[in-house]
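Colleague: Listed below are the residues making up each chain.
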Amino acid sequence: MLNKFKKIIKDFTLNELLFGMSVTAKELVNTKITVQFPEERTPISPRFRGIHALRRYPNGEERCIACKLCEAVCPANAITIESEMREDGSRRTSQYDIDLFKCIFCGFCEEACPVDAIVETQIFDYAFESRDGSVLTKKRLLEIGEQNKKAIDQTKLEDSKYR
Amino acid sequence: MFEIEIDGKIVNANPGENLITVTDREGISVPRFCYHNKLSVSANCRMCLVDVEGATKPQPACSTPVSNGMRVSTKNDKAKSSQKAVMEFLLINHPLDCPICDQGGECELQDVAMSYSSDVSRFNEGKRVIADSDIGPLIQTDMTRCIHCTRCVRFGAEIAGIMEMGGTGRGDSLKIEPFLQEGIQSELSGNMIDLCPVGALTSKPFRYELRSWQMNAVEGIARHDSVGSNIHIQTYKGKVKRVVARNNDNINETWISDRDRFSCDGLNHENRLQKPQIKYDGVWKETEWDTALVYSTKALLREVIDNKEESKLGALASNNATLEEYYLLRKLLKQVGSDNTDYRLNIKDLSNTINLDSNIKIKDIENIDYALLVGSYTRLEQPMINHRLRKSSLNGATIDVINSMSFNYNLPINSEYILNSSQIANLLARTLKAILLSKEQEIPGYLDKFKVSDADTQLANKLLSSDKSAIILGEHLINSDNSSNIANLISIIAEKTSSSTLNLSETGNSIAAKSTGFVPNENGLDANEMLASKMNAYILLDVYPKYDFHNSVSAINALRDEKTFVIALNSFKDSDVFDYADVILPISSYYETSGTHTNVEGEMQSFSAAVGSPKDIKPAWKVLKVLADLLDLSGFNYTDSSKVTSEAKQQIKQNIEHDREINLINTKGVEIIWQPSPYSTDALLRHSNSLQATKIGQLNTASMSASTAKSLKLSDTDNYLGVPVVISEVVADKCVFISSSNETISEKIS
Chain A
1 MLNKFKKIIK
11 DFTLNELLFG
21 MSVTAKELVN
31 TKITVQFPEE
41 RTPISPRFRG
51 IHALRRYPNG
61 EERCIACKLC
71 EAVCPANAIT
81 IESEMREDGS
91 RRTSQYDIDL
101 FKCIFCGFCE
111 EACPVDAIVE
121 TQIFDYAFES
131 RDGSVLTKKR
141 LLEIGEQNKK
151 AIDQTKLEDS
161 KYR
Chain B
1 MFEIEIDGKI
11 VNANPGENLI
21 TVTDREGISV
31 PRFCYHNKLS
41 VSANCRMCLV
51 DVEGATKPQP
61 ACSTPVSNGM
71 RVSTKNDKAK
81 SSQKAVMEFL
91 LINHPLDCPI
101 CDQGGECELQ
111 DVAMSYSSDV
121 SRFNEGKRVI
131 ADSDIGPLIQ
141 TDMTRCIHCT
151 RCVRFGAEIA
161 GIMEMGGTGR
171 GDSLKIEPFL
181 QEGIQSELSG
191 NMIDLCPVGA
201 LTSKPFRYEL
211 RSWQMNAVEG
221 IARHDSVGSN
231 IHIQTYKGKV
241 KRVVARNNDN
251 INETWISDRD
261 RFSCDGLNHE
271 NRLQKPQIKY
281 DGVWKETEWD
291 TALVYSTKAL
301 LREVIDNKEE
311 SKLGALASNN
321 ATLEEYYLLR
331 KLLKQVGSDN
341 TDYRLNIKDL
351 SNTINLDSNI
361 KIKDIENIDY
371 ALLVGSYTRL
381 EQPMINHRLR
391 KSSLNGATID
401 VINSMSFNYN
411 LPINSEYILN
421 SSQIANLLAR
431 TLKAILLSKE
441 QEIPGYLDKF
451 KVSDADTQLA
461 NKLLSSDKSA
471 IILGEHLINS
481 DNSSNIANLI
491 SIIAEKTSSS
501 TLNLSETGNS
511 IAAKSTGFVP
521 NENGLDANEM
531 LASKMNAYIL
541 LDVYPKYDFH
551 NSVSAINALR
561 DEKTFVIALN
571 SFKDSDVFDY
581 ADVILPISSY
591 YETSGTHTNV
601 EGEMQSFSAA
611 VGSPKDIKPA
621 WKVLKVLADL
631 LDLSGFNYTD
641 SSKVTSEAKQ
651 QIKQNIEHDR
661 EINLINTKGV
671 EIIWQPSPYS
681 TDALLRHSNS
691 LQATKIGQLN
701 TASMSASTAK
711 SLKLSDTDNY
721 LGVPVVISEV
731 VADKCVFISS
741 SNETISEKIS
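Those protein sequence lines, which keep their order, are chains A and B. Under the numbering used here, think of the first position of the first sequence as 1, with each following residue one higher. Under the numbering used here, think of the first position of the second sequence as 1, with each following residue one higher.
The set of hints was computed from the structure by calculation and includes no laboratory data. Among the clues, some could well be false.
Derived pair list, reagent style DSSO-like, types lysine-lysine, alpha-carbon separation capped at 27 angstroms [claimed, not checked]: (1) A:K139 <-> B:K573; (2) A:K102 <-> B:K239; (3) B:K748 <-> B:K534; (4) B:K279 <-> B:K534; (5) B:K241 <-> A:K138; (6) B:K668 <-> B:K713; (7) B:K649 <-> B:K615; (8) B:K348 <-> B:K748; (9) B:K239 <-> A:K138; (10) B:K275 <-> B:K298; (11) B:K496 <-> B:K363; (12) B:K237 <-> A:K102; (13) B:K127 <-> B:K451; (14) B:K573 <-> B:K275; (15) A:K139 <-> A:K156; (16) B:K361 <-> B:K649; (17) B:K668 <-> B:K748; (18) B:K237 <-> A:K138.
A few chain B residues that don't get close to chain A, going by computed Cβ distances all over 12 angstroms [stated by the list, open to error]: (19) N44; (20) D77; (21) D102; (22) V112; (23) K175; (24) E209; (25) L210; (26) N271; (27) S311; (28) Y446; (29) A455; (30) D576; (31) N637; (32) I652; (33) D659; (34) E747.
With beta-carbon atoms standing in for the labels, derived distance ranges [what the hints assert, rightly or not]: (35) B:L174 <-> A:C106: 54 to 62 angstroms; (36) B:A131 <-> A:E61: 18 to 26 angstroms; (37) B:N367 <-> A:C106: 35 to 43 angstroms; (38) B:V283 <-> A:R131: 40 to 48 angstroms; (39) A:F101 <-> B:R25: 45 to 53 angstroms; (40) B:E182 <-> A:E61: 30 to 38 angstroms.
All C-beta atoms, glycine included, are put in the ideal place defined by N, C-alpha and C.
Here chain A stands alone, though its shape is the one from the complex (with noise of 0.2 angstroms):
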């Protein structure tokens, strides 16, 4: 009886409505969470793993010493080195593919490189426009490590007291 009674106050009062009303207006004043995509980013983790990229020593000379130990690693055989000794006698790749469409992005690769040549980069948002864009050559890797060396160098950083 008395519940009956409760229920039919609330009903009159427009209780739960209020309630439901009171939740639009917290969000109306608080900070906003929709992010305007590309132009605003959501924080990344230092360990995301993205696109690859080859890096280089400060001096500029490549790091890779085709050692092929990612390609061995690699669970989807997404890499491809073909090795060679350079005219000074060092060791170094001619060929340096990674396969996207095999790629798992498992960072295996950049976990067995023993001289950090190999590393996946924060970069996820990619396309390419034909078929063979898919593979990333030697030159590419180059290139994307060049122009996000800040960033790589940053996040590789951020995560090394972890290691």
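Following the hints, put chain B in place on chain A, whose structure we already have.
Modeller: Same frame as chain A, now just chain B:
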């Protein structure tokens, strides 16, 4: 035989065995670096330490002999901690540059370190670094990586027979390096690459190419000599990348010669023929296979079959084709109606050839107690046979040599006779007479004029008194005036003294050619007769005239004749072939075709193709089969080469009968022995850049004695037949010994 206990397991052991032999046999893994079952025990790496009950300290399994009731633990705490400690010491000076090391992935140090070492190094001091020296075009050194196991040093001393690598310095400054500045010159040097447990010695032609896990290994047979060493052919993406040894204790043990190991370089040479070509009015045009084969068939019909001149068709082959190819070419000609087939292109006089059957197994050579080597420098010509001979000599055998020049053997030679071919024949005749005299047997008439000296009797007595003796005839005397006499004398001497014989004048796969009947019968013409009589058509199987023919000028002239239609099956380009041929069909080279190799002991070893042939290049047996089909010949419907093999094997002729007539001739004038350099005996070897860069590959000397030089009016600054003259007193009188791969010699020699 008694029982010992290893890790709680009771196993049988023979007295005198080392522990590691027993553990290896029982499949108990004991880590090791310096121990190798074909080398002596040095026990210097200490990696195989195990705990032997009763011994206070851990013992190295490789040098601890087993004893009755011994109790050994390879895996208890004592053994494990000592193995771990040794591993830590070994890694102190190892650079750990595995990512750029070619051995990475097939490295014994890497593997053992994974299982036996701790994962963190406690060593923070500076590591030892050793400067490298260039030791030749085959082996790359990186001696900083060396762990001083001394396998390469022991290999040189015990197997190769020339101690080229050695340790200098002591303790921390111990260096393994070649003693001489000239680098490594052994004909077996490549085995050091296989032996080195780390990346200190790696293959130079293969440097930085591939990781071991990327390649497929196919079992194969090396066909450059008449031993047929067993090999693994390692391939990657349809290309042969590397050849390594495969164990076969009956033939090559675990070793192979450099020739077998590094020849694969030549397969991808730019000189490979890529497409069939037809010569229209003197101009070569590339064409398709259909066109080329139909063109060849029509020419054969026109020149030979339609005008009933079947006997005017000839087939010549080099001595390195497969058994199947010889058989099919022979069968093709026979069905057309011709018996003119021959492979003996380098013989001056085919009525005077070496006919000697081999009747000793390769593995038995090491058990003989006396060997007489006639006309052979086995070390370079047949390295694996030489290795067995060396083993026999280390086992105590006496080795005597009869040669036209003194060679740098790597085994102790008891007595050496430096004689020209007629003197060799005379020596053998006198020896035979001495043998017959001592056996009190009838002396045949041709021996009457010989007077037996004490030296001859001595030689005869050595042959008579030894239980297991062997007479080995090499390839130097194939073109001497007395070659058949020498072969016959040897076979009679061997019979009278119950010695074994080994005929090393058979090279490549020539025994297969002989056994498939590729030599002409009484109706057919031999190679020289063919070239002398005008033939209408030839089928040439992998012939390169300047290297294969004894007299290349007359051969090329005969083949160049306008009325002669020449179908040339070749794998490499050759200017002379372009000159005389009318159709060139590109055929597969070594490792690209399946087939069978017959070695000097008669062992037929079949192999499959390791890689497919490049586009537009076909295996010769398929080309011959299609050619036969197009000619409407019956019995050529083979689906794969093993069908040919089984058919050929049924018809193989063993021990062909030949007469043993002896008619000794005294050679007049100067005798020339031309021995092509061992790295130029077939087209693939000639296109292997790494082998050609070696000292052996660049052999180019015409050795003669001062008196011979005087009679030829030459001095040591001159050239003889285009080859620099070397005056040496270890060459027989009236004899010039040419070791060279200079292709112009065959033009000038006749």
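Colleague: Going back to the hint list, which numbers does this structure go against?
Modeller: As far as the earlier hints go, 1, 7, 13, 21, 24, 25, 35 and 37 are violated by this structure, in ascending order.
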